[in-house]
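So in full-length UniProt numbering, spot 59 of the sequence shown is number 59, and the numbers just go up one at a time.
Derived Cβ-Cβ restraints for the label pairs, each shown as a range:
| # | residue 1 | residue 2 | range |
| --- | --- | --- | --- |
| 1 | V33 | Q53 | 18 to 24 Å |
| 2 | S15 | D73 | 27 to 33 Å |
| 3 | I55 | R26 | 14 to 20 Å |
Derived from the structure by calculation, the hints contain no laboratory data.
Remember, predicted model here, so these are calculated numbers, not experimental data.
Glycine included, each C-beta is placed from N, C-alpha and C at the ideal position.
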Amino acid sequence: MSNPDGQTTDASDLSPEQRLEPSNTRLINAGIVTINNMETLRACVAYENANQQRIPILRQLKDRASEIRAEDD
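Kindly generate the complete structure, drawing on both the sequences and the hints.
Below is the structure:
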């Protein structure tokens, strides 16, 4: 789904960069919370490791991975 500016409004269409690069931590948190599958999560972890390597962000991604695994069980 797109808004009038042509930007996506579907969180599943966000790239790892779009999820993890906003300067506002609330937007980063929202980007992580809306990850719904391990493939996207792995891409975000790889992106973070290759770029900024922020421990708090990597912890949030680890926690989200645990949540996704629990949902799959």
